[in-house]
Each structure stands twice: as C-alpha cells, then as structure tokens.
Amino acid sequence: MHIYILKRVLAVVPVLLGLTVIVFAIMALIPGDPATAILGSYATPENVARLNRDLGLDKPLVQQYFIWLENLLHGDFGRSYSLNRPVLDEVWERFSATLILAGAALVLCTLWGLLIGIWTAARQYGWTDRLLTFVVLIGISVPSFWLGLLLILLFAVELRWLPASGMFAIYGGGDLPDLLRHLILPALTLSVVATGVIARLTRAAMLEMLRQDFIRTARAKGVSERRVLYVHAFKAALVSVMPVIGVQAGFVLGGAVYIETVFQWPGVGRMLVQAISTRDILLVQGGVVVVSACYVLFNLLVDLAQCWLDPRIQT
Amino acid sequence: MADVTAALIARDLGKTFGGGRTLLGRRKPSVSAVRGVTFSVAPGETLGIVGESGCGKSTLARMLVGLLPPTVGTIEIEGRDLSDYTGHPAAVGRLVQYVFQDPISSLNPRKSIRQILEAPLIHLLGMEPAGRKARIAELLDAVHLRHEFLDRYPHELSGGQAQRIGIARALAAAPRILILDEPVSALDVSVQAQVLNLLADLRRAYDLTYLFISHDLAVVEAVSDRIAVFYFGRIVEMGPAEEVFGVPRHPYTKLLEWSTPAIRRPRRRTAPENCTDHESAKFSGEAAAAELPDPLCPPPGCAFAARCARAEDDCRAVMPTVTLLPSNHEVACHHPLD
Amino acid sequence: MLLAVLGVALLAPALPLAHPDLTSPADRLKPPFSDGAILGTDHLGRDLLSRLVWGTRLSLAVGVTAALLAAIVGSAIGIVAGYLGGRADHLMMRGVDMLMAFPYILLALAIVAVLGPGLLNALYAVAVVNIPFFARNIRGATVAIAHREFVDAARLTGMSGLRIIGSEILPNVMPVIVIAMSTTVGWMILETAGLSFLGLGSQPPQADLGSMLGEGRKLLITAPHASVVPGVMIFVIVMSVNLLGDGVRDALDPRLRSGALSRPAAATRVERTDTPEMKPTGALLEVEGLRTEFQVGPRVYRAAGGVSFEVAAGECLGIIGESGSGKSVTALSLLGLVASPPGVITAGAVRLNGRDTLSMTGEQLRRVRGGQAACIFQDPLATLHPLHTVGDQMVEAIRAHRPTPRREAREHAVSLLRKVRIPNPAACARSFPHELSGGMRQRVGIALALVNDPDLIVADEPTTALDVTVQAQVLALLDELRRERGLALVFITHDFGVVAQLCDRVAVMYAGRIVETGATQEVLARPRHPYTRRLIACVPEPGRGRRTLDAIPGLPPSLDALPDGCAFAPRCDRAQAACRGGEIALRRDGAHSVRCLFPEGAAT
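Protein chains in written order, with numbering that gives the first Met the number 0: chain A, 0 to 314; chain B, 0 to 337; chain C, 0 to 603.
Hints in this document: simulated from the structure, not taken from any laboratory.
Note that the coordinates shown come from a computational prediction; the quantities given were computed from them, not determined experimentally.
Hints are supplied without guarantee of correctness; some may be wrong.
[Claimed, not checked] Derived EDC-like pairs: lysine to aspartate or glutamate, alpha-carbon spacing no greater than 20 Å straight-line:
1) A:K6 / A:E207
2) C:K217 / A:E157
3) B:K27 / C:E148
4) B:K110 / C:D88
[What the hints assert, rightly or not] DEER-style ranges, computed between Cβ atoms:
5) B:P325 / A:I312: 51 to 59 Å
6) A:I312 / B:S184: 27 to 35 Å
7) C:G165 / A:W126: 44 to 52 Å
8) C:M173 / B:A133: 44 to 52 Å
9) C:S358 / B:A204: 58 to 66 Å
[What the hints assert, rightly or not] In silico contact screen, one side only, chain A against chain C (beta carbon under 8 Å); selected entries:
10) G17
11) L18
12) W118
13) Q123
14) G125
15) R129
16) V256
17) Y257
18) L271
19) I275
20) S276
21) V283
22) I312
Virtual Cβ for every residue (Gly too), placed ideally from N, Cα, C.
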C-alpha cells in the first residue's frame, strides 16, 4: 500500500515536467519574433532587448527550456509587462480567489451530484426520477456564462438580494459573511454543469452496480434494502464516480474563466482572458502553469482516495 | 518418437511473458507459461492435451499456430521449421488452423456467416468468386449446417451452430492440422456430443491431424490416441490414451482421474486404492493448499511437490526429468506410481 | 426541435431576413416584437432575428466541425494505440495523459493565446482539447475488441494488420465513436460559444451565438433581450443535441436496448393468478406449480413452467439440466432472487417450514434469506463484494439477523472459515475477495451461507467455475458439512457426475419442467425418460476409452415458443402423435416419477 502511494506520488513528477514542456513549447510556437509577440503593445526597443536577455532567447531552444525551468523552480515566472509586476505575485493573488470560487463549486457539485444520482437511481422510472433527470439534462445543456447573466438579472437587478459582481463590497466589506454573499451566485452557476455530469454518472453507475451478482448475494444474506442501496451499491458505484469528480475539478477550474468574467470575480480566469487580449504571454504562461499544477495535484488526491476505497487497484 | 514424417514436432518449447527491462533499466517480473515442452504428433493422429486452468495449454496452442512467438525452442510442421515461414502467415494458415473455445466470440458479430467463411478462401487461397461459392457449400455440408445460415449473423446462432461455423472456417483452407483449443467446453453436453462426433467424422473424411486441448479428462479420453498431461507449464506425463488413464504413473494424473466426477462411480469418499491413510486425507480435501505455485517465483523442484503425498526431499530440490517407460509412455517424476 | 433549428440554419441564405451585419444607428436597441424586428435590434441597430439565424448557422457548423475533427484524430490515435499495444500504446497514451493534465478550457485558452483570437483558431483549440477524450475512450473499446477471439481468427485467415483494423475492429468500435461524438457535440458547441463570449472566438462583424451573447452582456441592464435571446438559442441547440445524443446512445448500446439497465427490485415480482392449496407434507421445502417468466417487451419466456418438488430436512436434492432448462431460475425463485424486471413469478407456492415465501412481505423475506435458507452462487469472484473484506461480509450477514457485538460476530466468522478448512482463517477474514484463489473464494461462499445456521442451502452451480481437483475438495466439504449439521441442500448442476457423488435424489429439468425425478442411483442406472437416458449417454465417461458418443440431434426449444405436449418430442425417437398435444403429467411410480407417455422400459 505504501509503495503504491509512493509510486503514485512519484508519477506526478513526470506529468508536471511534461506540463512545463507543453507550456514552454506553446510559447516557442508563437510565430515571429517572440520578444515582440510577448511584449505586444509594450514592445519598445529597450523592452525587447531586455526580454531577449532575460529569457536567453539567443540560446538554443532546449537550453532555453532548462533556463526557464530553473527560473520557474526558483519562483521566477518573469515580469508581466501589462501590469509591470512579477507574474508570480499577480498569479498568486488571483489564484486564491479562484481557489475559493472553484472549491466552493466543487463541494456543491459533488454533494448535489451524488445525492441526485443516488436518489434517481433508487427511484428509477418513478416521477422523482423523471423530473430530476430532466432537470439534470437542462443543467448540462445550459451555457454557464448565460445562466450567470440570468441569475444576475433576477437576484441582483430585479430582486436586489445578492450582489452582482466582485468578491467583496467596495465599502465596508471584507469580512466572511460579505465574502459568502458574493460567493453564492458565482459558485452556484459554476457548479450547475458539473452537478449534472456527476448526477448522470452516479445514476448510471448505481444502476450498473445494482445489477451485479454481489448485490444478489447481499440480498440473499438478508441485508436490508437500505443497506444494499446505500452501502453495497453506493460504495461500488463510487469507484467509477471518483475519477469523474477529478475530471470535473478540471471543468470547474476552467469554467471559472467564464464565471469570473461574468461576475467580475478577481480570479486567475479573468486575469488570463485579459492577458490574452493584451497578449501578455508571460502572464498567460504563469497562470496556466499554476492552475494546471493545482489540477494535477488535486487528481493525485483523487487517485489516493480511490486507492484507499478500492483495494483491487494496488495489485 | 522422433519420426521424420511427423505432422507436428515441438522441441523444447518455452514461452515467457513479461521480463525485459523498464525504461529505467529495472528488471520486470516474468512469468514462464510454458517450459521445455517436447512432443510430436504423427499424421492422422489425435494428441489430447489435458490440464487445469493456468497450466499453459492455451499458450502452447497459440504458439503452434503462430499467434504467439515462442521464447525458446522450435516448432516443425511437416518437416519445416515454423520460423521459416516468417513473413508468410498465409503459408502457415494453409497448414495449421485453430478452433477457438468460445464459439460466439470467435465470430465477428458484424459479419455474415458467408463473409466469415469467405475470408480464409480469399486471403489464404486467393480463390475466385465462383470457386468460393462451391467451396462454401461443400464446407456447410461437411459440418451439417443448412445453407440458409449463410446470410445470418453470429448472434442468431446457437453455441453448437456457431462452433460448427468455427470448424468450417478452420477447414476452409484445407489445412493438414487442426489445433482444437477447448472446442466443446462452452457447450452443453448434448451439443458437445454432436460436435465431438462431427470432429471424429471430419478427421476420417479429410485425413486430419488433431491436437485436442481440454480441461475435461473424460472428453480428451473419448477422442485421443495419445494424451499429454500438463501441469504448471510442463508435460508431466504422456503416452497412449489407455495407458495414461488406465495405469497413470504420475501422481498428478492419478489425482486428476480421481477428482473427475463420474456417473458410474458414485459416492467415493475415499482416495485412490493404492494410497496410504495420509495420502487419502490429502486427496479428500485436507490439502487445502491445492493450488498452483506462484508463477512469479516458481519452486526449484517439481511444481506438484507441495500437493503430492509421495513427495520427498529430492522432489522439492531437483526438477524431475522425463523418463521413458515401455510402450512410449513418458513420465516426469522422481517417484512414479507403479 | 433540433430538426427545426437545423432547417432554419441551413436555409438561412434563402430566408427573407435583413442582412445580419447591416447597421442602422437609428433603430438601436429596439425591444422585441417591435415593427420590422420581431426580436428587436442590438446596440448597432442590427436585426437580432437575422443575426440569430446566421449565428446559429455559424455556431452549429463550428461545433460539428470541431467534433468531427476531434473524433477523427482522437479515434485514429485510440485505435492504433489499442491495436498495437506495447510500447507504442504506452507512449501515445502518456502523451494523451499529458494533455489531460491541463484543465480543459485552460488548454484551449493557451492555444488561442498562441494562435491569436479568431473563430477558426477557437475551433482548432476546442478540437485539440477534445482529442484526448476520444483517444482514451476509443482505445479502451479497441483493446476490448482486439483481445476478442475473432481478431485472432482473422489473423489466422491471413488478413494483414491494416485490413484487420479496417474490417474487424473499426466496425465494432464505430458505435462507441458515434456515441462519444453524439454526447460531446453539445459540449463543443458550448465551448466555442464560450470562447466567442470571452471575445476570443469570432471577431466582429462576424457573429456566432457566443459573441452575440458577449456583446449583449455589456447592455445587460438596459437591454436584457440582447443577451437573453442568443442564450436561449444556445441552450435550445445544446439541449436538443444532448437529447439526440442520449437517443443515439440508447439505440446503439445493446445493454440499454435489452432493458438490462433496469434496477432489479429487492425481491422478484409475484403476480400469481393461482395459488395452490396448502397440503402439508411435513417436508422442509415444498415447491408447487412454480412458474417464473421473463417478460421482455412483447415476448414472454417461460423459464420455469410449473415446477413441483419437495426436500426433506437433511436431504440433498440435485436439480440437473442443460442451459436454458430453468434450473437456476427455479433455484433463485425460491427466495425471490430472480432479477425483476424482467422476471415475474406467475404461479405456484414455495413453502419453507410451511410458510409461503412468495406471499411474504419484504421484511419477512429478508429474515428468511440468509437465516433459515442461505444461498451459494456460481462465480465467487463476482458474487462477493469486491470492496469489503471477507470478514466484514460475514459479520454483516450475522448482524443482519442477530444483534451480535461486532467482536463476537467476528470470532464466529473466523471459526466458520476454519470450519471450511481455510488455512490461516484470521488472515483470510482480513483479505479482500480478489486476493484469494477460486477454490478459497468458494469456501468463503460456503462459510458465508453457514453463518446463521440455516436449515436449507440453495447452491447454484457452486463448483462449475472450479478446476476438477478443487471441485472434488469443495464437493467433499459440502457433503461433510451437510451430514454433520443436518442441512438440506438443493444443488443445481449440469454435471451428472457431480450429482452422482453428492445427491440423495435428483430432478432432471428440460425446457422449464421437471421430466423425471427419483433416487439418484435409480435414475442414473435406470432412466425412464428418453431425455434422461440419452443425456446420460452423451456424457463422456472417464475410463471408457475412445468412442463415439450417442448425441441427441437438434436443439432444445426456445422458451418463448414452447411446443404443445412434451417439449422433448421433436428430438425424441420414441415420440408418437399423442406426445405432441395436451398436458403430460409427472406420473409417480413409487419414488420414481417421470413425465412421459411412453417411458423407457415400458411397451411402446
């Protein structure tokens, strides 16, 4: 067991390395003079010269990569030219906001997704099943950025119950209740699609497991139907649902790009969109590396949880 | 034994899975599925191979038709080394064919029976459409199936019918040798008898050589001239059918025979007659460790020693070699039964 | 609905609409249903309806193209990797894993960042991001198919690797590709719309639905219709594509077609039209006129068609038959364990100690199951819960019937494991089922059945999956246990040899009915029913040398079209006209009963 865990943890290292290679390659693929492209509208001659020196762009590509990687490991992600501050500082600040938003959404979608999935599977073909299955279908079909706009219209503009944008109120905000009030709408919007996906999958996995022979054995033992459903079938279904929760974390982190734009949430997603439109490539690079690494680490956690749940994996 | 005109000869054949090194140079664990197997089959003869799951009999079968390359050893078909045919799979296919265990899954569900039977005629023999039509009709007659089956799909057939198609496909290119890998284990007894009889008829009609693999001793006995008993990747006993099961010399063969339930030999709760009390206890279920050795670290001596009542120290230390007994009966045991 | 959307999108150039990019500052931000613009106009006075139709056209085209692109490239990678296996597979899949290490949309953003904003670039980005999904799925499906025997068979018929991929693998993987595509098109439309919404997709004046929404957003409060309308359109498209995808999946997935995904109820449905009168015989188990059917669509398969038998305390009854004879269904019906749907018990009674299990409430039945009557099943790997230890599964069975302290239950479980001769039972109790060998697992299955000291054990082919030497041990163990504890045993098998070794009495089933029953020795030595006689003659017997077997010609009848009279008549050489009509009763002759008008040994 410990050896397996160690193996999984070590396996993350090449993935993280590969990730940096891809990000680096993307930057190297930018057509034309990289320094000019990176600097975009800030490409004054002295800036171009400084960047070329900073990045060692006169050296071979492989060497450039290792220099870049070394800087990365020292926490040096370069300097954002549009904001004129170190990339890492900016990304770090923004990332905590994204983490709050995405984390809240992930908790919401996991809880609701599992609940709805079990619920509908237990009442297959009943009216609750039909109704919830339809609601779930709506959930996975609705564009989240549009849903966000509708919710703003309803709760912020019409009803004036909740704030429409930002993370804190501009005047007198800053405490936890204030944060929560700001969090409700974006987290809800962000979780809708993932809830639908998890619910559908949980329902299918539960139904699949309920047909297995070991369920028949449990019934033949005289185990109560509640236990059959909520212990025997659910635990087995969780084995196939768990990796999907890991994948959904990716969707939620990515989806944050839209939601942060809609709700003016000061997270990495909105920073990335702005950076792309101002072509601040170093900022894009830093944001992508940090968010992706976080996603990889989250999936490592999911893997380890999976291994704890399913002893068959280790062999 | 080393007949020049033998239809099929295997010499010191072995297959190891896994092994090699990882990208980092560490040794990967390896499993020897078949080790040092030597036998020959005369033309027109049926060699039965019997053994329990995991004994390597299917790996052997797949090597004999070229689906798996052997790790060591040679296979000769009608005097020519199988490795001479490398790059000419069609040439091998015209000599040896294979009948699979699961009749339904050995047929592509998206092809009609006609397409399935045409494939070997096109790819192995390069036949023209007119010739193919005549040959397919001939094949269906040979396996006693009505011609209307041609436009059906595998899922519309019963297990027995599907296995007949499997046999017809194997016969299509008029091979000399058929490797039958558990051809009746997926079938019900009444259908199993039909297929076994069909196989016997075909052997006579086309002068075929069979290698018949099964876990069921009674089935193997009903069809074979000679029998080889497999245990843990090796032949432990081989000889004429009536000898091997009439007077088994290897304790494992004896155990197999004793364990096979039989209608006319009811209610036996004691072990074979020539056993001591201690052995009897081992046979009748006390030997809870009735399992194969760990293939990742095989024992140095006889693989059966842990289950064998006759095992002594030499059995656990030294691998027994093959001893030739009268009437072409071979046994690999330090202390064979007499 | 999707058809309507598609139709409008395709016909866009032919429809009498204003030019979508025609600006008219005078008509800015007209509300919906105003003159000349049913859906109103946007901030540049462009007609929203017209823009909507053209935008839909563009969004659909981009989404579908991206899906096609991703499907083709991804499937190609998946098929090649899955078919080749080994190192090539390893390398390709590691690459795919690497792409999957990025959160989905982030990778698309990075690609757009490099290529620059634009609809075509957004299309590429979305396609690339989806390639890993296809590659993984299709590889999985390919690996499953490449290991099937028909692929080996194709190799032996001399086909080349490329031809095998084309003619053997691709047709079988195609449904998976289509399902994957139909379920992701919706996503891709959403994602391209999303990129446009962020201003990274289509650039003005060209507009797809996403960029319309993006423009509308800036006027959210003054002119909500400008963002609501395109949003509704995206929602409608994606929803109908998803519905279509579900439909495609249901149509192509054979498991769904057969209704097999239905959740089996806690107990088999009982809809009896006739319940036999009680006539107590004092036997432990009395089964009378049991009829179990499978109702699949319009077809009714009569798996057990009026089965009656008795088992006395301590007796072992063997029920023998070929596949489809109804032997397992009969056994599972006793405790209501036949999956339902599609199984329904339509007639008969099953009395255990005089109480009809078929009329019990759920709670009553639960108390009987695993209490008075326990079951042993065929494949112990599939029938034990894979995620619970052996000990926990046994403790659960004990505590479901008797409130026992966990410790005590655990000790009881270990002592039973010792009883079934598992070496080191305490360690076994801590193991998971997959860590044990087949023989050990079946011993665990037996121990599990014994936990509450039942009066009756129903064993459904418990040794079929085992090797003969292990089977011999398990049979010896079962025999010993039932004698020691006075257990009654109903033993289902297809093997006459096993029956001969274990059972006091035997019942032979054919096409859902018992055709002959009597003392084992008597039935095996002097079978009266022609089916029994000929079935025994088919069995190869060890020690009888090489011989031709007396096969029974033909096949058993299909259970949804059983003939009148004797179901065996079409294959029977003794059949006469009388055999083909009317009900033939099971006639008793001492302890030996036979359902035949012209039994063996009688004058014909």
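Verification of the supplied hints:
no.: 1; hint: A:K6 / A:E207; result: violated, 31 Å
no.: 2; hint: C:K217 / A:E157; result: holds, 17 Å
no.: 3; hint: B:K27 / C:E148; result: violated, 27 Å
no.: 4; hint: B:K110 / C:D88; result: violated, 28 Å
no.: 5; hint: B:P325 / A:I312: 51 to 59 Å; result: holds, 55 Å
no.: 6; hint: A:I312 / B:S184: 27 to 35 Å; result: holds, 32 Å
no.: 7; hint: C:G165 / A:W126: 44 to 52 Å; result: holds, 48 Å
no.: 8; hint: C:M173 / B:A133: 44 to 52 Å; result: violated, 33 Å
no.: 9; hint: C:S358 / B:A204: 58 to 66 Å; result: holds, 60 Å
no.: 10; hint: G17; result: holds, 4 Å
no.: 11; hint: L18; result: holds, 5 Å
no.: 12; hint: W118; result: violated, 13 Å
no.: 13; hint: Q123; result: holds, 5 Å
no.: 14; hint: G125; result: violated, 11 Å
no.: 15; hint: R129; result: violated, 14 Å
no.: 16; hint: V256; result: holds, 6 Å
no.: 17; hint: Y257; result: holds, 6 Å
no.: 18; hint: L271; result: holds, 6 Å
no.: 19; hint: I275; result: holds, 5 Å
no.: 20; hint: S276; result: holds, 7 Å
no.: 21; hint: V283; result: holds, 5 Å
no.: 22; hint: I312; result: violated, 10 Å
Hint violations for this structure: numbers 1, 3, 4, 8, 12, 14, 15, 22, all remaining hints satisfied.
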